Structure formats: C-alpha cells, structure tokens
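Turn these sequences into a full structure, and let the hints steer you where they fit.
In order, the protein sequences belong to chains A and B. Sequence positions in the first sequence follow the working numbering and run 1 to 312. Sequence positions in the second sequence follow the working numbering and run 1 to 312.
These aren't lab readings, by the way, just hints derived from the structure by calculation. Treat the numbers as computed from the prediction; the structure is a model and nothing was measured. Backbone N, C-alpha and C define an ideal beta-carbon position, used for all residues, glycine too. Incorrect hints may have been included.
Some chain B residues judged to face chain A by a derived CB distance under 8 Å, without partners named [as the list claims (entries may be wrong)]:
id, residue
1, 32
2, 63
3, 120
4, 124
5, 127
6, 151
7, 210
8, 233
9, 239
10, 243
11, 245
12, 262
13, 265
14, 267
Number of protein chains: 2
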Amino acid sequence: MPTFDRSTAISFGFNPLDRVSEKRPDEAFVDARRNHPSTRFLVFVGETPVLRSQENGFDPLFSHEQAAELGTPILDIFLGEDQDGTALFALALDEELQESLAARPGLELAGLRSLAQRGLTTQRVLGELGGAKSVLNWHQRHRFCANCGAPSKVSCGGWRRDCAACGATHFPRVDPVVIMLAIDGDRCLLGRQAHFAPGMYSALAGFLEPGETIEDAVRREIHEEAGVHCSQVSYFASQPWPFPSSLMIGCFAKAVSTDVLVDENELEDARWFTRAEVAMMFSGTHPDAISAPLPFAIAHHLLKAFLEEKFM
Amino acid sequence: MPTFDRSTAISFGFNPLDRVSEKRPDEAFVDARRNHPSTRFLVFVGETPVLRSQENGFDPLFSHEQAAELGTPILDIFLGEDQDGTALFALALDEELQESLAARPGLELAGLRSLAQRGLTTQRVLGELGGAKSVLNWHQRHRFCANCGAPSKVSCGGWRRDCAACGATHFPRVDPVVIMLAIDGDRCLLGRQAHFAPGMYSALAGFLEPGETIEDAVRREIHEEAGVHCSQVSYFASQPWPFPSSLMIGCFAKAVSTDVLVDENELEDARWFTRAEVAMMFSGTHPDAISAPLPFAIAHHLLKAFLEEKFM
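As structure tokens, this is what we get:
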C-alpha cells in the first residue's frame with residue numbers, strides 16, 4: 001500500500017515493493033522466487049544499470065532469458081515482490097563486461113545519477129535501482145569480515161554477509177546524513193562545494209555521528225561549515241541516497257546568529273539568499289547565474305518549501 | 001550553544017561537547033589535547049563505564065593521574081572540548097581488567113543501561129558515555145578492513161580506521177532505526193518482545209534498509225510486525241542509542257487498517273491500547289499490570305506525547 005508523502009515524491013524515495021524480508025533467510029523460498037518464470041531482473045554491470053532500449057524509451061526489467069544473454073552474475077539480491085506477486089531481483093555482472101555490453105545494440109548503460117537527472121525511468125524503477133545499488137556497493141566494499149579478517153559469504157537473499165570463521169553476521173550499512181537550510185527570517189543559508197556544477201548553491205549537509213540526535217547534527221554541521229548558530233530544528237522529509245548508501249534527513253533550522261564564517265576545507269562559499277533570490281535561481285534569472293540544485297536532490301525540495309513558506 | 005528540544009531531553013540525546021571534528025586528522029593537535037594537564041577522561045573497561053564513588057554520588061571524569069592508576073588503555077577517542085576548552089577523551093581498558101577493577105575500593109563499574117535507568121550520572125555525562133561507547137564498540141567489531149581483510153589502524157583521534165594494505169578508510173557506523181506508534185483515533189499500537197521485562201509493552205521498531213525513506217520504513221515495520229497498514233507518518237524526535245550504535249527515529253503513523261496480525265518471530269504480542277489504558281500504564285494502575293517503557297527509552301516519550309495529544 002504505497003502512500004504519497006513528501007519523502008515518497010523525491011527521487012529514489014518511491015519504492016513500493018513488498019520486501020518480504022521475513023522470507024530472506026529461507027533459501028528454498030529465495031531459490032524458488034529466483035527461478036520462477038515470471039521473475040524479473042534489474043541488471044548492473046559493476047554499479048552501472050543496464051537498460052534495454054525500446055522504441056519509446058528504456059526498459060530496466062530483464063526476463064531470465066534476456067538476463068542470461070548478458071553473462072553470469074557475480075551476485076544477486078532478492079529485492080521483493082510486486083503487488084501482483086512478481087519477484088524482482090538485482091543482478092550484478094563483472095565490471096569488466098562494461099565495455100562489451102555498452103557496445104551491444106539494444107542495450108543502454110547509464111549511471112544512476114544520469115538516469116535520475118534525465119528522467120529515463122519511472123520514479124518507481126529509480127527507487128528500486130537506488131536501493132539495489134546501495135546493497136551491491138556494500139557487498140563490493142565488504143567482502144571480508146571486519147571482525148576477524150576472513151572472507152565472508154552472502155546470505156539471506158543478499159541482505160546479509162556471514163563469517164564462517166568467527167560467526168559474525170553483517171548487515172548492509174545505511175549512513176544517516178543531515179541536510180538542511182538555516183533560516184534567518186526571509187533568508188536561507190546555502191553553500192557550494194568546489195566540485196559542484198558552476199553557479200550551483202545547495203543546502204549544507206554532513207554525516208550524523210555516534211552520540212548525536214538529528215537536531216544536534218544539524219546544528220553542528222551548520223556551525224562547522226558556516227559558523228552560524230541555530231536553535232529550533234524541524235524535520236522536513238528524507239531520501240535514500242544511493243551514492244553509495246546514505247539516508248538524507250532534510251531539515252530546517254532557525255538561525256540565532258547571522259555572521260558567516262566559511263570552512264574552506266569543506267566549502268568554496270556559503271552565504272545568505274533572500275526568498276527573491278531563490279525564486280530567481282529556480283527561474284534561471286539570477287543576475288549572477290546562480291542556480292538551484294536539480295529536482296532529484298532533496299536540497300531542491302527544501303528550497304522549494306522555503307520559497308513557498310511551507311516549513312518550520 | 002546547547003539547545004533544548006524534544007530530542008535533547010531524551011537520555012543519551014544531550015551532548016553539548018564541541019566535537020572539533022575538523023581537528024581530528026591533526027595528530028599533533030590531538031596529542032597536545034591528550035597530554036594537556038586539564039584534560040579529563042571517561043574510562044571504559046571493555047564497554048562498561050568506570051566511575052569514581054564520591055560521598056554524594058559518582059564521578060565519571062578521571063584526571064591523567066587517576067586514569068593511569070587503572071591500567072594502560074588499549075584505545076582512546078578524542079570526544080571534543082567543553083565550553084571552557086577542557087578536552088574530553090574516552091579510554092578503553094582491556095575487558096580482562098573488569099574483575100580486578102570492580103574489586104577496587106572507590107570504583108564503581110556500571111553498564112550504561114543501568115546508569116541510565118538508575119539516573120547515576122547527569123544527562124550530559126550519559127550522552128558523552130553513550131557516544132563514546134558506540135565508537136568503542138565499532139572499533140572492537142571492525143579491527144579488520146572489510147574491503148581486503150587486512151588489519152586496519154585507528155586514526156583521526158579514534159574517528160576513523162585506515163587500511164595500509166588497500167588504502168580504504170572506514171568510519172564509525174550509525175544504524176538508523178525507526179520506532180513508532182501507529183495511531184487509530186484514541187488508540188495506539190504497542191507490542192512486546194519475549195525478552196522485555198514482564199508486563200511491558202513498547203513501540204514497534206526496526207532497522208531502516210537501503211532504498212527506504214523514514215516514512216516507508218515506518219509503514220513497512222508496522223505492517224511486517226503487526227499486519228496494520230498506515231498512511232501519513234510524522235517525525236517526533238530522535239535518540240542516539242548506544243546498544244551498540246543506532247539512531248532511533250521516533251515517529252507517529254496514521255493507521256488505515258486495524259486488524260492485528262502478530263509476526264511471532266519478532267513479537268510475543270501486539271495490540272491496540274486506548275489513551276485511558278496508556279494513562280494506567282504510566283500510573284502503575286493497569287488492571288493487567290501492563291507497564292510503559294522507562295524514561296530512558298524514546299518509546300516512553302512517544303507514549304507520553306500520545307497521552308498528551310501532542311503529536312501528528
């Protein structure tokens with residue numbers, strides 16, 4: 001029963017698949033779902049999604065036969081079941097196949113960021129690809145047991161790794177990140193990192209640390225990156241962010257100081273923007289050619305809410 | 001500049017230390033702070049806090065000399081600086097010293113859960129101990145590089161582990177967990193796990209997975225554990241939970257179905273409770289001797305808010 005809310009409406013956030021998580025430890029069940037003729041596959045080569053070019057767009061779903069033509073997967077993840085009971089798996093092919101698959105007629109390889117930016121798939125497929133990519137990346141980076149150093153093995157339909165040597169079990173990691181606008185009356189605080197597209201300013205953000213509340217992390221990051229003190233923090237929406245596996249927690253924070261002191265290790269610049277300026281950023285009419293983040297980023301939605309005064 | 005909000009008022013959530021995180025990579029800085037005579041130490045033996053018994057309570061802060069008497073630490077973490085500039089470190093002693101230290105007059109060893117329940121320290125110390133315990137536990141469970149299996153080394157004042165073999169860097173893990181009350185008019189949904197204290201019912205909870213928004217995770221967990229469908233989700237507060245390192249994200253969810261189907265792998269029972277029943281749980285007058293979670297759990301605060309109708 002998918003429900004539309006702020007978070008669901010943001011890219012990577014719509015993922016109505018039934019994860020059937022209680023069935024993951026049941027190997028016979030997962031095998032049966034994997035082998036069922038109706039089962040469909042999302043395919044990645046390394047971490048790049050593979051799509052089938054169609055007359056009117058791109059199809060991300062592969063049948064057994066279509067997937068088998070691409071090569072032998074090195075890993076698969078049981079993603080869950082559709083409302084009609086169709087099972088969905090993600091398959092990872094060896095990264096080395098990237099070049100040969102890209103050359104095949106009828107196939108399109110496109111990074112997830114580019115898929116999101118270009119709107120090449122439905123929001124739903126984007127959500128499924130995003131979740132799958134995070135889990136695949138985690139396997140790639142966690143082939144050994146952090147507790148004892150022995151190689152670990154995939155279990156539970158791709159949702160766990162087990163160490164036979166020390167008995168430790170390991171679960172995919174999700175890193176909470178706070179991303180927020182400090183608000184001072186009619187102004188909000190934005191920054192830009194050196195690697196951003198030219199002219200783009202976005203919300204400040206940073207990883208939440210052990211021992212922190214969401215609210216404390218929001219206040220700490222704003223103070224560290226821009227020297228601004230904040231008091232009240234309000235939650236806005238969240239977004240699973242598959243680069244590689246963050247949970248973006250979008251918030252607003254009430255500023256109680258206004259002098260900006262930029263942390264030059266993190267940011268190229270940070271400054272206050274009036275609502276009028278933000279409106280020009282969205283309409284592409286800012287006199288200094290400053291632009292807003294793209295709609296696939298939660299920062300875009302925070303700024304939109306600020307503009308429409310639907311916050312705090 | 002600590003600010004009191006809902007999250008800050010919950011146990012483990014008050015931690016106003018300046019983490020000075022930008023200085024962590026600077027080894028000379030961290031060394032200078034470690035060796036400064038004014039620096040104070042929180043001490044753990046294994047993951048158990050060590051306190052000094054005082055006439056009027058317990059003191060968790062050790063000076064250099066006091067800490068040195070306990071043994072040689074196997075690890076330390078630079079936690080940050082007080083408002084007056086005093087640095088705070090956490091020290092971990094070998095777990096094997098537990099028995100001998102427990103026998104020393106003037107020392108008290110007490111698990112963090114028990115410290116929180118018994119109110120043996122200030123909220124501030126509890127927050128600092130909690131954050132430190134999460135990081136210490138992470139080191140304990142992550143002595144090897146998950147990417148290549150080689151032993152990794154502590155760096156950045158205890159906030160990173162580096163692998164010399166493959167060059168990977170690893171950061172302490174924080175696992176987002178959703179914890180929530182489904183609401184059906186005047187009733188809320190509570191469950192109990194077999195290991196709970198007799199008679200206690202609490203909020204449902206579960207780990208957020210890759211590819212999920214907070215809202216989706218809330219709806220999924222309620223449906224998985226109790227078969228109840230929900231629509232709108234509202235954020236309430238968050239809590240760092242050091243067992244071992246979760247971020248509890250407290251929410252309310254509007255129920256759109258009411259039949260309860262208990263997942264018996266997860267729960268012993270789940271059922272609806274009226275506001276009148278919840279009031280009796282808090283006052284200790286429930287006819288079936290059902291009790292509410294203790295104040296150090298965010299579930300207690302969710303229930304209090306439900307009782308006072310300060311939610312959604």
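Each hint, compared with the structure:
1. 32: Given a least distance of 20 Å, the restraint on residue 32 of chain B is violated.
2. 63: violated, 23 Å
3. 120: At about 18 Å, which exceeds the 8 Å cut-off, the nearest Cβ of chain A leaves the hint on residue 120 of chain B violated.
4. 124: violated, 12 Å
5. 127: holds, 6 Å
6. 151: holds, 7 Å
7. 210: This interface hint holds because 4 Å falls under the 8 Å limit.
8. 233: Where the cut-off is 8 Å and the nearest Cβ of chain A is about 7 Å from residue 233 of chain B, the hint holds.
9. 239: holds, 7 Å
10. 243: violated, 12 Å
11. 245: It holds, given that the least Cβ distance between residue 245 of chain B and chain A is near 5 Å, below 8 Å.
12. 262: violated, 12 Å
13. 265: holds, 6 Å
14. 267: Violated. Min distance 12 Å.
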